[in-house]
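Chains V and X supply the protein sequences, listed in that same order. The working numbering puts the first residue of the first sequence at 5, with every later residue one more than the last. The working numbering puts the first residue of the second sequence at 13, with every later residue one more than the last.
Derived from the structure by calculation, the hints contain no laboratory data. Check the hints yourself; a few may be wrong.
Here are the simulated lysine-lysine pairs, DSBU-like style, with alpha carbons at most 30 Å apart [said to hold, decoys possible]:
1. K172(X) with K12(V)
2. K177(V) with K203(V)
3. K158(X) with K172(X)
4. K12(V) with K203(V)
5. K158(X) with K11(V)
6. K21(X) with K64(X)
7. K172(X) with K22(V)
8. K22(V) with K203(V)
9. K158(X) with K12(V)
10. K12(V) with K22(V)
11. K22(V) with K11(V)
12. K22(V) with K158(X)
13. K172(X) with K11(V)
14. K11(V) with K203(V)
Source: prediction; values computed, not measured.
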Amino acid sequence: MTSEQDKKLQALDLKIAKALQIDVPELRMPELPDIDDTNVTSLQGHRRSMKPLWFAIAATVVLATSISLRTSSLFQTYESLAEEVLAHLDHEPGSLRITDVAVTEQRLARVVPASLASFERGTSLITYAQSCVINGNEVPHLVIQGQYGPVTILLMPEERVSESTPLDGETVKGVILPVGNGSIAIIGDREEPLEPIQKNVVNSVAWTT
Amino acid sequence: MNSSSAEGKRRQRFDSLVTVFHQDMYRFAAWLCRDKAIAEDVVQEALLRAWKSLDSLRDDAAAKHWLLTIVRRENARYFERRRLETVDIDNLTASQAALLAETSNEEIDDLREAIFGLDDDYREPLVLQVLMGYSTSEIAEMMGLKQGAVLTRLHRARHKLMDSVAEQ
Numbered sequence: 005m006t007s008e009q010d011k012k013l014q015a016l017d018l019k020i021a022k023a024l025q026i027d028v029p030e031l032r033m034p035e036l037p038d039i040d041d042t043n044v045t046s047l048q049g050h051r052r053s054m055k056p057l058w059f060a061i062a063a064t065v066v067l068a069t070s071i072s073l074r075t076s077s078l079f080q081t082y083e084s085l086a087e088e089v090l091a092h093l094d095h096e097p098g099s100l101r102i103t104d105v106a107v108t109e110q111r112l113a114r115v116v117p118a119s120l121a122s123f124e125r126g127t128s129l130i131t132y133a134q135s136c137v138i139n140g141n142e143v144p145h146l147v148i149q150g151q152y153g154p155v156t157i158l159l160m161p162e163e164r165v166s167e168s169t170p171l172d173g174e175t176v177k178g179v180i181l182p183v184g185n186g187s188i189a190i191i192g193d194r195e196e197p198l199e200p201i202q203k204n205v206v207n208s209v210a211w212t213t
Numbered sequence: 013m014n015s016s017s018a019e020g021k022r023r024q025r026f027d028s029l030v031t032v033f034h035q036d037m038y039r040f041a042a043w044l045c046r047d048k049a050i051a052e053d054v055v056q057e058a059l060l061r062a063w064k065s066l067d068s069l070r071d072d073a074a075a076k077h078w079l080l081t082i083v084r085r086e087n088a089r090y091f092e093r094r095r096l097e098t099v100d101i102d103n104l105t106a107s108q109a110a111l112l113a114e115t116s117n118e119e120i121d122d123l124r125e126a127i128f129g130l131d132d133d134y135r136e137p138l139v140l141q142v143l144m145g146y147s148t149s150e151i152a153e154m155m156g157l158k159q160g161a162v163l164t165r166l167h168r169a170r171h172k173l174m175d176s177v178a179e180q
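Isolated chain X, as found in the complex (with noise of 0.2 Å):
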């Protein structure tokens, strides 16, 4: 195989990848970071690394896991980079804001203000099964914790939705 054809075989294959899993890279870093024009960068920075680092994904059957690990790790990143700071719901810029674009459904609006209000600790896994549809071992080994405490984190934060919405 020549190098130009190769690299073109190499392209198609990234693309193909892409366009299949680009919706769940950037709804995870959304609700990763919380903010739609951060979400879009840290989406950015991964198709970068996801691009350079293409030759270690051996299984295309295994490339959601990889891409969204990918999305998990720039999202880290940036905010290493970056002072942390906190979210005032009352306060948010309208990057922020952008994410709780109004539906036609109240109840729904009410529940994504809700899931945005969550601790991290509570929101990824909560992202990651119901969104991702991913199993508690499978989070489990994404975030480093152990079984138990993931479904722990699962159980608070349903709770903690139910609470928010019974309350508005």
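Bound-form chain V, shown alone (with noise of 0.2 Å):
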């Protein structure tokens, strides 16, 4: 396909998303019935075993840890948005890995829907891309690879801020970006330009939401 059609495609994808974007009513949640506490906890309500208790004992443990640690961003509340947005960095030290190896168009698309932003993906080596959870708002979650190592990127849709935000851990440094009604975050090393990558994602983000 030329990149003549490409862009055509690209161009007419953006119009039907936005004619499929209908208002949504408020949520009207149903009545929820009661759950049987047996159902709450299956995970280990049906393990019928021979083991001894501490080993029951032990696997509860284990897997409330691992319930907590999986909601974990769920649940937590953040005085602020620059808290949570270096809070989240934590949550996901996977996507921090130096790698060579870029994720795919279709990845890609997936996690920044054409329903929420328009991304030129341009030059930049994209290795993580993974959809997550912001403020109670699904954030796309992409990582490039900086000089001195990955550089975050958090496409916030729905976090409008006044100004620029600085970010400061104690191994990164970044910035949030009001981009018209959300904003960009952007956090790499400390040593990490990131004046020039601000300038090109900014310029490659387009919200259609």
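Both chains are sitting in their own frames, so use the hints and assemble them into the complex.
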């Protein structure tokens, strides 16, 4: 397919995405029935084992820890967006691998759907793409490889900030930039020159929400 | 963990997931059934079913796919229970017409009407790809099709839309 055809297709998809974005009524939660206790703890509940009690207790502790770790980003509350963004990096250490393997176009399209934003990949090596939750909203979490290691980019169309907010972690630094009605967080190594990355990212993203 | 604490955590987890994915669930349902009132019913049923089977969702990262699959099944169930009626685009009910509520952009309005007029076989994979961001192999898995069939349907859907818009 020629690049001209590619552009036409992208333009059409952008219009289709806009057309599909109908207004959504306020959430009406149905009356939820009580769930039997045996169902709530079913992961251990239907395990019939001859192992001693200590094993069951240890398994429960491991399970509870694992559930708590998996869901911590959903339940934890933070005092500011900056604090949540920095904490999010700790929740996904796997994203900060140094690698030269790029994510596929399909993966990128899934994480940054046309209904959320149009994103030009450009020449950056994107090595991680995951749909995450920040402040209760779905947020594309991307990582590109910078001069001093991985640089995290969080596209936050729902998070409006009035001005650039610096981010200062123990080993990282970054900024949350106001972009249209949303914002973009960019975080890298303390030595990483982030300004050129900020410029490229801001120019390559357009919200469609 | 005592039962009330477990129940509270379970409810908190459910509320968090629903808050994030409710819009996707509703829009998917609305474009599947092309009727805003039915879409609300389908989403209600899907939420109820999701609540009952929440413990089967082991990884919250897979929640969107899980919830949309439930919406898809509930939509199919809804129409199994009722006689399937064809939609006459010139004679829509108020609830169907609400889906085509005009925006400030005439081109988008025309396109919305053209998408509304697509056959289910073409509309569903298009919504899953463009609105939900799924790959063709994931759509094939969700719809029980071969990937080639999904690619063909997507190609035809886009051509039908281009032709419809060009005619208007």
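Here is how each hint holds up against the structure:
no.	hint	verdict
1	K172(X) with K12(V)	15 Å, holds
2	K177(V) with K203(V)	16 Å, holds
3	K158(X) with K172(X)	21 Å, holds
4	K12(V) with K203(V)	26 Å, holds
5	K158(X) with K11(V)	27 Å, holds
6	K21(X) with K64(X)	14 Å, holds
7	K172(X) with K22(V)	17 Å, holds
8	K22(V) with K203(V)	26 Å, holds
9	K158(X) with K12(V)	26 Å, holds
10	K12(V) with K22(V)	16 Å, holds
11	K22(V) with K11(V)	17 Å, holds
12	K22(V) with K158(X)	28 Å, holds
13	K172(X) with K11(V)	18 Å, holds
14	K11(V) with K203(V)	23 Å, holds
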